[in-house]
Amino acid sequence: MEIILQPWPWFVGGPLIALTLFLYFYFGKNFGASTNFETLCTIAGAGRVSSYFKKDWKERDFALLFVVGLIVGGFISSNYLIPDQAIDLNPITIQELTELGFSNPAKAYFPDEIFSDEIAMSLKGFLILILSGVCIGFGTRYAGGCTSGHAITGLSNFEIPSLLAVIGFFIGGVIAVWFLIPLIF
Amino acid sequence: MMKNIKFLVLGIFFAIVLSKVQAISWFRFYEMFKFQSFHMFGIIGGAVIVFAMIMQLFKRGVI
Numbered sequence: 000m001e002i003i004l005q006p007w008p009w010f011v012g013g014p015l016i017a018l019t020l021f022l023y024f025y026f027g028k029n030f031g032a033s034t035n036f037e038t039l040c041t042i043a044g045a046g047r048v049s050s051y052f053k054k055d056w057k058e059r060d061f062a063l064l065f066v067v068g069l070i071v072g073g074f075i076s077s078n079y080l081i082p083d084q085a086i087d088l089n090p091i092t093i094q095e096l097t098e099l100g101f102s103n104p105a106k107a108y109f110p111d112e113i114f115s116d117e118i119a120m121s122l123k124g125f126l127i128l129i130l131s132g133v134c135i136g137f138g139t140r141y142a143g144g145c146t147s148g149h150a151i152t153g154l155s156n157f158e159i160p161s162l163l164a165v166i167g168f169f170i171g172g173v174i175a176v177w178f179l180i181p182l183i184f
Numbered sequence: 000m001m002k003n004i005k006f007l008v009l010g011i012f013f014a015i016v017l018s019k020v021q022a023i024s025w026f027r028f029y030e031m032f033k034f035q036s037f038h039m040f041g042i043i044g045g046a047v048i049v050f051a052m053i054m055q056l057f058k059r060g061v062i
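Those protein sequence lines, which keep their order, are chains Y and P.
Position 106 (the first sequence) corresponds to 105 in numbering that gives the first Met the number 0; numbering is contiguous.
Position 54 (the second sequence) corresponds to 53 in numbering that gives the first Met the number 0; numbering is contiguous.
The hints are simulated quantities; they were obtained by calculation from the structure and are not laboratory data.
Built from N, CA and C at the ideal position, the CB exists for glycine as well.
It cannot be assumed that every hint is accurate.
[To be verified] If you want the footprint, here are the derived chain P segments under chain Y, 3+ residues with CB under 8 Å:
no.: 1; segment: 2–8
no.: 2; segment: 14–28
no.: 3; segment: 34–46
no.: 4; segment: 53–62
Just chain P, with the same shape it has in the complex (with noise of 0.2 Å):
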């Protein structure tokens, strides 16, 4: 259990991050499905980008 408390922290940090850009929001989501804005296809875009660089790099030991 202790050696895992690293996920507890690591939860705490990714709720703030999801709610400071509100990408918990219901009407976020809504505007979403509607195409009236860009937010959230932004964040999800960007976080699955930048996921896939960082992996990227760490198979080929850049990181």
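Bound conformation, chain Y alone (with noise of 0.2 Å):
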């Protein structure tokens, strides 16, 4: 019990996120997450807007079905599996956050600056939280896939378009990371 309270360390999961990846396939499967934006607006009623969304969803809900296991598991581990957020985060990302304004840079998982109930109910934080939902939904369906699809599935299975979208995602966060960020915050 001990060892899984700890932080696991890189090398664990690699191989584990692999064979989940399989066991995915395996079950009959390509691996995705962001269909499911589709596929919610399918349910939402989208189809009335736009014939795009007029698919059958229930041909898709093992996806949503796994998404709901990840918020399920979410909670697991965050009630009961990671007694401490602490991260062993590089000293010099620290510092730079802590220039920037951050207040608890590698104390959790993730900056109370972006996504603490105060500063998403604010209105920055909320355009903030908004505009990158936006651009999530509208970016994943114009590249086919998200990170998981593109990266995991698409790249193990050799597929130019996927390694040129990985390329992209990886571009646009380290403009994120470099340029934006210092600019807004």
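Fit chain to chain and form the complex, with the hints in mind.
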């Protein structure tokens, strides 16, 4: 139990993620998370607005169940398996974030300056979250997949479009961290 | 629905793995995009390499 409660080292992550993907494939499906955005729109009745959403969502209920599992697993993890969220972050990273005005770098998984209830309810914090959501919704459908589908399923099948998408994701992340975050905070 | 309940279990397992290796942490992503740690690269690289290996073994009928 003690080993489970400690943070797991990076080299445990890769093989366990690979195992999950293999089981997903073995159960007969291609792994991906962002199709669920489409499915949720279909369930909410978006088919009345655009024929794009006129699909039988029950054919994709396995993906929804997987996401429900992610939420349940996250709840279990945060309540019972992660007694301390402290992260062994690079001291340089901690210093940079502190200088940008972040109050809890490496003391928790997420910065209060973006994800705390108080900030999320402020105008700036609300806009950050809403605009991020819109970008994710548009981007994943425009690219035909998100990090899970392209970086993991696509890359392991040696698909060129997925490689291009992953390079794009990474450039986007670099731009956000090097230029946008210092601008916003 | 019931025959797909295994995806629910798999989702629970996956969430626990990702959270325990800190691969869901905003700070870990920031650190990765600043190239200040190997942690995330090790996880992603490891996942892709091991999964590609498993798939090759599967296609050859070993698994």
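Three-residue Cβ test at 8 Å for the coverage of the segment 2–8 of chain P by chain Y | holds (count 6)
Coverage criterion applied to the segment 34–46 of chain P (partner chain Y; beta-carbon cut 8 Å; 3 residues) = holds (count 11)
8 Å C-beta criterion, at least three residues: is the segment 53–62 of chain P covered by chain Y | holds (count 3)
Under a C-beta cut-off of less than 8 Å, do 3 or more residues of the segment 14–28 of chain P approach chain Y closely enough to confirm the stated coverage?
-> holds (count 15)
In summary, the structure agrees with every hint in the numbered list given earlier.
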